[in-house]
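K.L.:
Here is what each chain is made of, one letter per residue.
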Amino acid sequence: MTTSEVLLRVRDLAVDYRVPGGAPLRAVDGVSFTVRRGETLGLVGESGCGKSSTARAVMMLRRPTGGRIEFDGQDLARLPARQLRRLRPQLQMIFQDPASSLNPRRTVAAIVAEGLAAHRHPRPWTRLVDDALSAVGLDPEAVGHRRPTELSGGQCQRVALARALVLAPALVVCDEPVSALDVSVQAQILNLLEDTRRRHRLSLLFIAHDLAVVKQVSDRVGVMYLGRICELAPAEQLYRQPRHPYTRALLDAVPLLEPVPPSGAIAAPGSIAVPGTVPTPGTASTPGEPPSPLRPPSGCRFRTRCDRARDRCAEETPPLHPVTEDHQVACHYPLPG
Amino acid sequence: MRARREADGLSLWLALAWVAVVVAAAVLAGALPLRSYGALVPGVDARTPPGWRPEFLGTDAIGRSVLARVVHGARESLLVGIGSAALAMAAGLATGLAAGYFRRWVDTAIGVVLDAVLAVPALVLLIAVAAVGRRGTATIVLGLAVVGTPSFARLARASTLAVVDREYVAAARALGTRPGRILRRELLPEVVLRLAPFAFVFMAFAVVAEASLSFLGLGLPPPAPSWGGMINDGRPYLDGDPFLVFVPAVCVFLTVASFTVIGERARRRFDARESRLR
Amino acid sequence: MTTGRMTILGPPSGLPAPLLAVQDVSTTLPTAAGPLHAVDRVSFTLAAGEAVGVVGESGSGKSMLARTVMGLAPPAARTTGSVRFAGHDLLTASARDLREVLGSGVAMVFQDPATALNPVTRIGRQLAETLRLRGGLDRRAARDRAVELLRTVGIPDPARRARSYPHELSGGMRQRVCIALAVACGPRVLLADEPTTALDVTVQRQILDLLADLRAASGMGMLLITHDLAVVAGRTERLLVMYAGQVVETGPTTEVIRAARHPYTAALLASVPRLEQPSHTRLATVAGLPATAVGATRGCRFAPRCPRARARCRQEDPVLADPRARHGAVPGRDREHAVACFHPVGGGGGAAVRDTAERIR
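Residue numbers (our numbering), protein chains in the order written: chain A, 8 to 344; chain B, 147 to 424; chain C, 963 to 1323.
Worth flagging that the hints you see were computed from the coordinates, not collected in a lab.
Be a bit skeptical, because a hint or two may be false.
Said to hold, decoys possible - Partial list, computed: chain A residues near chain B (C-beta under 7 angstroms):
no. : residue
1   : D19
2   : R95
3   : M100
Fair warning: this is a prediction, and the values are worked out from it, not measured in the lab.
Glycine included, every Cβ here is placed at the ideal spot set by N, Cα and C.
Please put together the full structure from these sequences, using the hints given.
P.N.:
Laid out in structure tokens, this is it:
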């Protein structure tokens, strides 16, 4: 992979949060990944895994405690404020909560124009704003003068995308962009993101907790657990043949629309079901919940919930290492490929 | 429930009506066909007892028209109320926004200064300002503003903290918007709205405080009328002619109550809108 | 009414008698724009040990349905119809009767376990108080039973955990406590309103397993309300799909999901990203937004978003085929696959179509 292919290279990223009266909480601990030009990298994980902190650090909304964030060859973490601001248009973000990510007291047109105003883009902006709104499927005439409170969640996310697009970014970081939306609206926004990425040749860093949603949009997917990446692979490969036990556990936990019944012992559809015979997914569920990031387990962080864990897992932190080309796993005893 | 809502509506209308009357009186005092507030009512001499009847609302202890003084006094009271509230709000917004947005050392430094101001009892502070400055409206307004600033600042800081973590502020930073513009465009409108109800409550406080200062002899120099000063002047005649105290006291009471009602309604409306936002 | 007949006839062919019979329930809320038909003529029954799913997007009325059944509709709401449970009509029951029924007869688990618990009381004590007040246990017995319940819902080291405050527990553990509170007095019906929406996927799996286990062990009926079709799939026997306050499709869960007849259900199913699909698959979408019914409405509420809608759909209300209309009063027919649509997906047309269990028999 040549340097010019890589748009974003994150190395050993660490993000700390101050905790009143205690050691800092390390939300992100030694995370490394790359986003290639035109690619969508998905980051998936449960709450508290550090995926959102990673997104905010990449956006330099939160200064990382350690590591490098190389965007187009420049380390954002060491860039002076002025140069960082000049770079900002290329690096945009879409947030989770459509209601909260738009200022309720400003009009849609003003919100979309904000990036232009911030960078003292020569006026008039009307054309650019209207084009951006049209590009996300909104009628500038109809919504331009409205306020976010008058719009639905899906429309708000469209406005947020328009606000990012108006600056012609190279990378858009999407932090749970569809998790607050209804299913039917979620599909609209996911399709829109796909279309936009293609048309504007964007790279996306797509962060979500929903495995199916992440697979839908991503070329490659990283799975995070307690501040670390435990597996990183092309989407198809990761979902078809996960190598990390945690990835396996996540995939097993996803409820399926058409559950595979365990060996035919299922009541015929339409018959009166007897209590307790409802088919449940065949595998055992993963016990427990992620431990507190304030006191992460030594060694491999998943070992407390992992049925493959042995002594070594507590003593040695497994590094993220390639098991095949492009498929990296942080596990001493990965699942067979 | 409906009855309560109607009562609420009525009290708001009465409050707004009274404030309108006071504002009109303050603005138009000079233009109204009133007697001069400083001169004696013709036909009155020093020996005429207060409360001389031919004059509507009577005359005061030295024979001036109570009506004229009360109407002109509205100007003083309102000026003090609105002026000090506006000044304190401006100062509080500036410091509170800065403290809430930049946090860290800015917050600490502003906090120390505000705490120092708060440590001095309000009345002592007022007396000190009144003693140092020239006796006049400006000094009173300034003194009350100094007293009020820490409260406004704290409220502004708390409001800023409540808003600053909203994603639209992060979004503005991600766009590369400068801090000054973020403060002005994204935070200020929201924080002002949250402060507005308190501003009305503070106006009520200021009207009472001005009356208290006059009561202590630290108010406006004579013969300029103010409601507080009139209460003070009428005090010795409370037995014989309570009207002298009663008229300005009712004005103070109604004005304070109106400001409070309006502030409370503003707060409730704001809360309702907030809850709809969620 | 179905319930009446059923009790008289007794459960035919092993069909359990319904515990809960919801008949023609409507909940109307006053809004500035006019009356909002949050729940509109919804009927269903729930038998002992049975799990019924209610699926819908925001504004579909699924949560309001649960609150109405619980007698917890907001005071401004107007409710009609009947909710029969244990000889009471919960909609007209006195506050005292309702109190008696709620908790010990019908219990509810909410979406947000953080706000459903009292933050300043230890969880063991919250449980014990419920047991003492409702279960009539003495202090000591209540304490022991509370610990036992915590163990039942899968809280490790329950004796120690009973002394925790809610904020000291994780989201999943808090939801387990809420479930313990709900089942403390052995309810016969459990309403679970988005019980796993606030939880992570591995924890969601555990909670759904727990609910299934409790149901199997106690034979209580469960209404599982969710926006996520995959959550009800494999967890419920029957399914109600709601749109704009109305049930638009109902039937055995597997059948509704495998062969959805209502265009809305079909569209909803098609728009969910699936694990088995390759990346960058284009998702089928429904234009527009989930609707709510405000004021007088005419025609099918999904018609404005429906690709199959024709003139009739905008004129007439399609009704969920009433099984008794053709087959007479045979109890259990409300278990058939029925759809409120003039032009259902997958053949048929004209009148509202039923895809019945007949076919399978």
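K.L.:
Hints broken by the structure, by number, lowest first?
P.N.:
Number 1 - this is the single hint that the structure violates.
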